[in-house]
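Asker: Chains as they are written, first to last, in the numbering used here: chain A, 7 to 340; chain B, 7 to 340; chain C, 7 to 340; chain D, 7 to 340; chain E, 7 to 340; chain F, 7 to 340.
Careful: at least some of the hints might be erroneous.
If chains are identical, the list can't say which one is meant, so a pair holds when it fits in one copy or spans any two.
Claimed, not checked - Below 30 Å or equal to it, Euclidean Cα-Cα: the simulated DSS-like pairs (lysine-lysine) are:
1) K324 / K299
2) K180 / K124
3) K324 / K155
4) K23 / K252
5) K252 / K324
6) K324 / K124
7) K261 / K180
For the record, the hints were derived by calculation from the structure and aren't laboratory data.
6 protein chains.
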Amino acid sequence: MGQIITFGEVLMRISPKSNKKFIQSNSVEFYFGGTELNVAISIANFGGDVKHISAVSEDFIGETAISYIRKFGVDTTSITLSERPLGVYFLEVGAVMRPSAISYNRSHSAFSQIVPDKINWEEALVNGSWMHWTGITPALSQGAFDTLKAGLKLARQKGMTVSADPTYRSGLWKYGQDPKEALIELLDYSTIFIGGINEINEVLGTEFGYSNDDFLKASKQLMQTFPSIEKVFDKIRTSLNSSWHKIRARMWNGKEFRETQDLDITHIVDRIGTGDAFAAGLIYGLQQFDDYKALEFASAACALKHTYEGDVNLTTVKEVTNILGGNTTGRFVR
Amino acid sequence: MGQIITFGEVLMRISPKSNKKFIQSNSVEFYFGGTELNVAISIANFGGDVKHISAVSEDFIGETAISYIRKFGVDTTSITLSERPLGVYFLEVGAVMRPSAISYNRSHSAFSQIVPDKINWEEALVNGSWMHWTGITPALSQGAFDTLKAGLKLARQKGMTVSADPTYRSGLWKYGQDPKEALIELLDYSTIFIGGINEINEVLGTEFGYSNDDFLKASKQLMQTFPSIEKVFDKIRTSLNSSWHKIRARMWNGKEFRETQDLDITHIVDRIGTGDAFAAGLIYGLQQFDDYKALEFASAACALKHTYEGDVNLTTVKEVTNILGGNTTGRFVR
Amino acid sequence: MGQIITFGEVLMRISPKSNKKFIQSNSVEFYFGGTELNVAISIANFGGDVKHISAVSEDFIGETAISYIRKFGVDTTSITLSERPLGVYFLEVGAVMRPSAISYNRSHSAFSQIVPDKINWEEALVNGSWMHWTGITPALSQGAFDTLKAGLKLARQKGMTVSADPTYRSGLWKYGQDPKEALIELLDYSTIFIGGINEINEVLGTEFGYSNDDFLKASKQLMQTFPSIEKVFDKIRTSLNSSWHKIRARMWNGKEFRETQDLDITHIVDRIGTGDAFAAGLIYGLQQFDDYKALEFASAACALKHTYEGDVNLTTVKEVTNILGGNTTGRFVR
Amino acid sequence: MGQIITFGEVLMRISPKSNKKFIQSNSVEFYFGGTELNVAISIANFGGDVKHISAVSEDFIGETAISYIRKFGVDTTSITLSERPLGVYFLEVGAVMRPSAISYNRSHSAFSQIVPDKINWEEALVNGSWMHWTGITPALSQGAFDTLKAGLKLARQKGMTVSADPTYRSGLWKYGQDPKEALIELLDYSTIFIGGINEINEVLGTEFGYSNDDFLKASKQLMQTFPSIEKVFDKIRTSLNSSWHKIRARMWNGKEFRETQDLDITHIVDRIGTGDAFAAGLIYGLQQFDDYKALEFASAACALKHTYEGDVNLTTVKEVTNILGGNTTGRFVR
Amino acid sequence: MGQIITFGEVLMRISPKSNKKFIQSNSVEFYFGGTELNVAISIANFGGDVKHISAVSEDFIGETAISYIRKFGVDTTSITLSERPLGVYFLEVGAVMRPSAISYNRSHSAFSQIVPDKINWEEALVNGSWMHWTGITPALSQGAFDTLKAGLKLARQKGMTVSADPTYRSGLWKYGQDPKEALIELLDYSTIFIGGINEINEVLGTEFGYSNDDFLKASKQLMQTFPSIEKVFDKIRTSLNSSWHKIRARMWNGKEFRETQDLDITHIVDRIGTGDAFAAGLIYGLQQFDDYKALEFASAACALKHTYEGDVNLTTVKEVTNILGGNTTGRFVR
Amino acid sequence: MGQIITFGEVLMRISPKSNKKFIQSNSVEFYFGGTELNVAISIANFGGDVKHISAVSEDFIGETAISYIRKFGVDTTSITLSERPLGVYFLEVGAVMRPSAISYNRSHSAFSQIVPDKINWEEALVNGSWMHWTGITPALSQGAFDTLKAGLKLARQKGMTVSADPTYRSGLWKYGQDPKEALIELLDYSTIFIGGINEINEVLGTEFGYSNDDFLKASKQLMQTFPSIEKVFDKIRTSLNSSWHKIRARMWNGKEFRETQDLDITHIVDRIGTGDAFAAGLIYGLQQFDDYKALEFASAACALKHTYEGDVNLTTVKEVTNILGGNTTGRFVR
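Chain A extracted, bound-state conformation:
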């Protein structure tokens, strides 16, 4: 099994402790994250061989970011340095009916200024067997979109598996590109689709509902439109409020539709990066297990992410399989 490749922005997250707001704090905590990086680190925590490709600032913040990624054993040798600053986001963590709030400072960041010339994809993918992309990177800038496209093209030429998490976030996409067209172009290089009804409707221009029936129909239409796509995985979140969610997942792999049990997350610690934890669980799981076991693994990994502070999932294979074995009562591990 070769190296798993992710490509995307590294962001510094800065947030007050517990549920405080900035206006009442003078001390804050920081983490690094970014949707594709979160996937990379989570896979590394499962024991996978992962490389994250990015551009960070050439200063002590960029160095700290690289050291943070390296700490988890992710290969950082294809990260380039830039004169521009690292992107930052500020987070105020909500509770109960108060939503969390995020403010970004990323529009002129080191990564957003990337252009295809900055990455030597031949070298970067030399050991690659799988590449994962999300809808965030192409939304950042023309250069980010072009660079990603160049990477995906080569990945497919090399016969790598390509997983897509084409999350559509309307607050981004400010540089002129049409989101739908861009995502379609990238999906043509993809073999695994991680996303739900909203993403399918976005790229197909359809109006499917959220039922399992509609999910099945939507998946089939998606696979007709994009013949390279072999499997569709979806995660369903039910939110009582900011502090209490339920998670389950479903799939269509061209042969069978399956759905997991609900996992009840009664006391959320940190909700950021839970979708990335699902994707990481799938990417790792699909290389170890059959499709349904991978779905269960991903769903449990996603649930566990809600219990870790920070953007990345610190969970291990042992913890996830413990839950899959039915042990969700949280007995001590001594």
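Fit chains B, C, D, E and F to the given chain A structure using the hints.
Answerer: Chains B, C, D, E and F in isolation, oriented as in the chain A frame:
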């Protein structure tokens, strides 16, 4: 719309982090609060023009208190300085079946020594259109009672709206005044009553129960006894334990009885000042909306306060109306 | 009423704040604990006269441990000093379906090297009326087992009550002694049995189930096998996940079987030492109340421990009886 | 005495605790600063009436910045909101021979995008009697330069005093403007020059040395070139290392040359914003005292700033005059 | 050697971390102190048998204070509980030329309301061989003065040594008593005088200077006026600034005048309680060593206190004698 | 240039914040260190290719240790896992005349149980060009000594440079081996000697003094006794107290004696690991510069380490050369 006036003690709250007790800590956090100040700051956070009148210590603690109030945009120009120290309270935050514990050091504080001469009410109320008082201030000392009375008298002469939250706390009232008589005297200056069965029974000497029926009867009798009172608003709390409450509210405005839906606060962050958040929501809401919408606004504001650390409600109109619009699932605000 | 005696290891617990893992922290908190010490401190917090006997390191960590114990008013005059380090354990606190994880560094600690000669039991028990032991101490080393046995023997000679909490932890017991035989030997000195089906099955070699019926049968058979045992107390935990448990307790005192109501611990703060809190509640309660009231007291004390950070129960008699009086809604104590 | 006006960027400073680096921290502290804001807040702490004009982000970070400024009593009513993020800088505080390190993220910030239309200078200066500018603002962007120029022009038309601190920082000035020409243009509106040999050489194209003699010659030539300039104030820093500096100051007011005694800052707490503290001391001092006393006041204020964490000088007139009175031994103030 | 007795107020000290001011903090640290308590705890840390007598609040703050004192092994059995709150003081720690600032909230505290009836002196002094008093206690209230006097009278009747540290702090003494007369009355019960020229001048009404010559004359006159006084010990502090002091000490014991070397405290950590550390060093030293060695011991103990955070001296006999042995270069202790 | 190899224990350091003692803290910070690891990380921070070989615990503490080392880019692929716990040390940081205190818990740690079979040296040294050892590792256990010897033997066979820092710490060496004999055996494999008079006297059994003359004589005798040793480097520390040291260095390389200037470290932040920083500076420097420049580089690196918290030197080549260029006044790096 003119300035809203509050008058009352500023207290410094000192508490260990999270659920720790003092006996196991060496590091604590501090906030400023006080029931009327909490109302003032919450209204300022809604965008209202508010002045808080008080007396604080003439030292770096008093300066810090003033700067804390000013930070939220509350007018502090009528706060006087005193040689006596600022009142302090110590808080240990409970959890589940453990109640929070409070210990006060306020009996000889800067505010408790206030006398009517210290406040130039003519000047202080010059832009005032609304004045709010609570049952805490008259309970502190003869001087505080007299000073409040002087202010309310002038407020009514100027035709200002006067809202009363005549909370009766038996641990106070140590200076000789009979609570019932004092509250009756002050209610004669009031036009809006914020309080429930307990407060009504206290001032009327009645024994109404907690049913809606009794609330209606009690409100009517209250409005007969105090003809200046036009509306009665009540908030009902159901507590599973220290960490999990439900909130709903009801009203009688002389024409209609209305009641809001329950709001389920499954993971309380900080319970202090939630009644003040309700009063602030009402005072702001009654100036913006019809009575029932104001009640809903106040109820949602009160629920949101449970998610903010500290005594004051940091919520905004946007956050409250978001809940009123039915969004209580805590989706991110980016 | 004389002094209550406990004997066991003092451990330093080191854990990241809130639910963080070590890999994402650079700041941690420390507490001292140890199953018998937890019992001692909890009884002292109830107002009992308690002595804890142990061996700690002769350095600033050992001094800090002693000062920590002394802070709660526990008699530390029979604690001896050793050249070996204090035992340490590292804790990562889980949440929801993530279990807490513990790593011990205790196998060559000051306490594990104890031998009977180090403790002058005559002197140590001079005011003793009750001695409590658990299954942890005999599991640590031959010296710990022998020293405990010497103490228990003398305690029985002096007619002291002896309570046993023969928790069997398979990860210990590495020094060659057969756990079952060792526990049987110690139970012969015991008059009160605090433990459930698992512990009874372990020492009797039986296979009773968890029903009340089986508990009754098991208790009777236990009391036949160990005629010194007069009463059996058991605590039943139902875990939804790491953050939400229910607790109830049951007893057989040779005359009546009784069972308490469930206590619902919806937001666990710290789960460590909750069994010790139950034992402490019983030991204190049995000296103050009848058996059933003691059981209720212990059950409520155990539930309250879940709301305190650290290994020891900081609760007071007032807090426990407040719950027994039906007040579990967490109203403020001012 | 009218209002003192400052105009410039508000930056959020984020730094690890004590002398830590980011690579070894996960918790950091934040402050707000910016050279002109530092001057404003320091003057407010002296009791002056000050308005700071700026543009901040329209999010919770911008709100926090405004509340931070308001906390010190600075008038924030001319601060505008922008869709762009607030500028941020990261700081690692050095010690002894290790220099502090700074990394900026400000080039596309809310303030850098300002244009003259965004500020209604007529309204902003309505109560103004003094305006202060520095060489940082014109270095940021064409819009910042133009907006500042518009303000200074009006200030001079209104007969306001204009103080200039034309610090030249070569790392800025990236938008095309020639620094020397820009500073000359702005100095033509200025009446007080706060700066030393380096700044004079920069704008005159001269090569004066650091001696008092050269300072005098340089000042005279400066005042010939810019006839509006009436006084020149300079601060001289002697650095043993990052932790130990000496400060003294000198002046030429067209009539006399004066120099203060050295102040020995043996244990620097925070070196940021000390030049701004000097400027603030001068601006306040020149309105209260004669020129030399103002110089002494500014020099002592600057020295005191080294003892306060954060960018702004928290010192008071009482503290400064205490030092001027010869009390530098740090006796308690009770 | 019997028990050493101290009597005085327990204060809670609350201060921001490092050199921060309250206005820039939301997190603070707390310690307990009080001049006589500081002496008591320091002696306990030397291994002495000490009892501290006081009155604290009957709440969780009072409990925390008692547990804090007990932690150091000081006998707390004569501390009484009061309905009034514990005294508090707020501290902002200065640096270099910035003085530390203190604000007290103690005038109606638990201790200030003490009256002779509250303390059973017969019982309290049962094992006492030495009693220490300071000028703070008689300055607080008539009750405190009377209670102290009652204790000293009995102490002398029992033949105990009585040491006096009659520090005169003018900000206290507000209850009507003339300080000089009060101190004279108490000195009549004293055998050891710890204090310098200022204190001697205060009680004798003289105007001696600070030279050794004057110290000698002053001491002799003091011992003539108060025949019970056998020895006079003085500590001289030279302050470069808030962060850098020198300490030396001198004595007259009726036979010889001696003076110690300067100890250079180049980086002060905490200056509070350093005089109390000197007194504690003397009281312990005079019971172990000859007078001059006791003076040296006290002087070194005082110097060491400057390196410990909090009010109390955490130093040990080993650390002090290490310095006396000439090792002031701070080599590691492993 | 090949890989630099270090071999030694990884210790977890746990210490209270700033100058606090454990007895007054409940929150502590942790770092990882160990003399050889400190050398490794410092070289990695200079940009060198380094591998650290060790054995750590197979738990979350061991994982955290590995991630900590990996974070700095040190190769961790030859670190083995063990069932035994990671070694821990507790540190209380002194100040001025108070020495820092250390307490170890390492005698049965994962590393101390190492035996030669655990390390495949052929594989571990495959890219090695330099190996560094210290006197700590052979002092820990027979297994550690044997394993080190096996590695050094192979290193010399492969023609690698071997640097020795034979620090002799008498508190270790408890397993029976004679220190002198063991060090002699290891020095026979060494080519660079990093150490001073004490170490030379220890292994030669001589009594040289500290003068430059004696250093020269001692070095010559050392090189005669151990012909493999080509160069001797020594670091001289002059301590005013715990907070203020001076550092200079000297060398004899068989051809010339050279000595550096004193570096004055007026405000020490952290003194741990400063000798390791010197060794790392030398190892890096000798591969980049001539011998004297390497000595200067090492001396400046050592001085800079005193400004970084934790055991490892976070300094960079740029920072060190900045000082060598004469810039020790700590001007900002922007």
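Asker: For K324 vs K155, is the C-alpha pair at or below 30 Å within one copy, between two copies, both, or neither?
Answerer: neither (35 Å within a copy, 38 Å between copies)
Asker: Please work out whether the CA atoms of K324 and K299 approach to 30 Å or closer within one copy, between two copies, in both situations, or in neither?
Answerer: within (15 Å within a copy, 43 Å between copies)
Asker: Between the shortest in-copy and the shortest cross-copy C-alpha distance, which are at most 30 Å for K23 and K252: within, between, both, or neither?
Answerer: both (25 Å within a copy, 26 Å between copies)
Asker: At 30 Å max between alpha carbons, let me know whether K261 reaches K180 within a copy, between copies, both or neither.
Answerer: Neither: 39 Å inside a copy, 52 Å across copies.
Asker: Between the shortest in-copy and the shortest cross-copy C-alpha distance, which are at most 30 Å for K324 and K124: within, between, both, or neither?
Answerer: Answer is between; shortest inter-copy Cα gap is 26 Å, intra-copy 38 Å.
Asker: My question is about K252 and K324: at a cut-off of 30 Å on alpha-carbon distance, are they close within one copy, between copies, both, or neither?
Answerer: Both ways: K252 and K324 sit 22 Å apart in one copy and 27 Å across, limit 30 Å.
Asker: If the cutoff is 30 Å on CA atoms, where do K180 and K124 land: within, between, both or neither? Let me know, please.
Answerer: Answer is both: 22 Å inside a copy and 23 Å across each meet the 30 Å cutoff.
This entry does not satisfy hints 3 and 7, going by the numbered hints stated previously.
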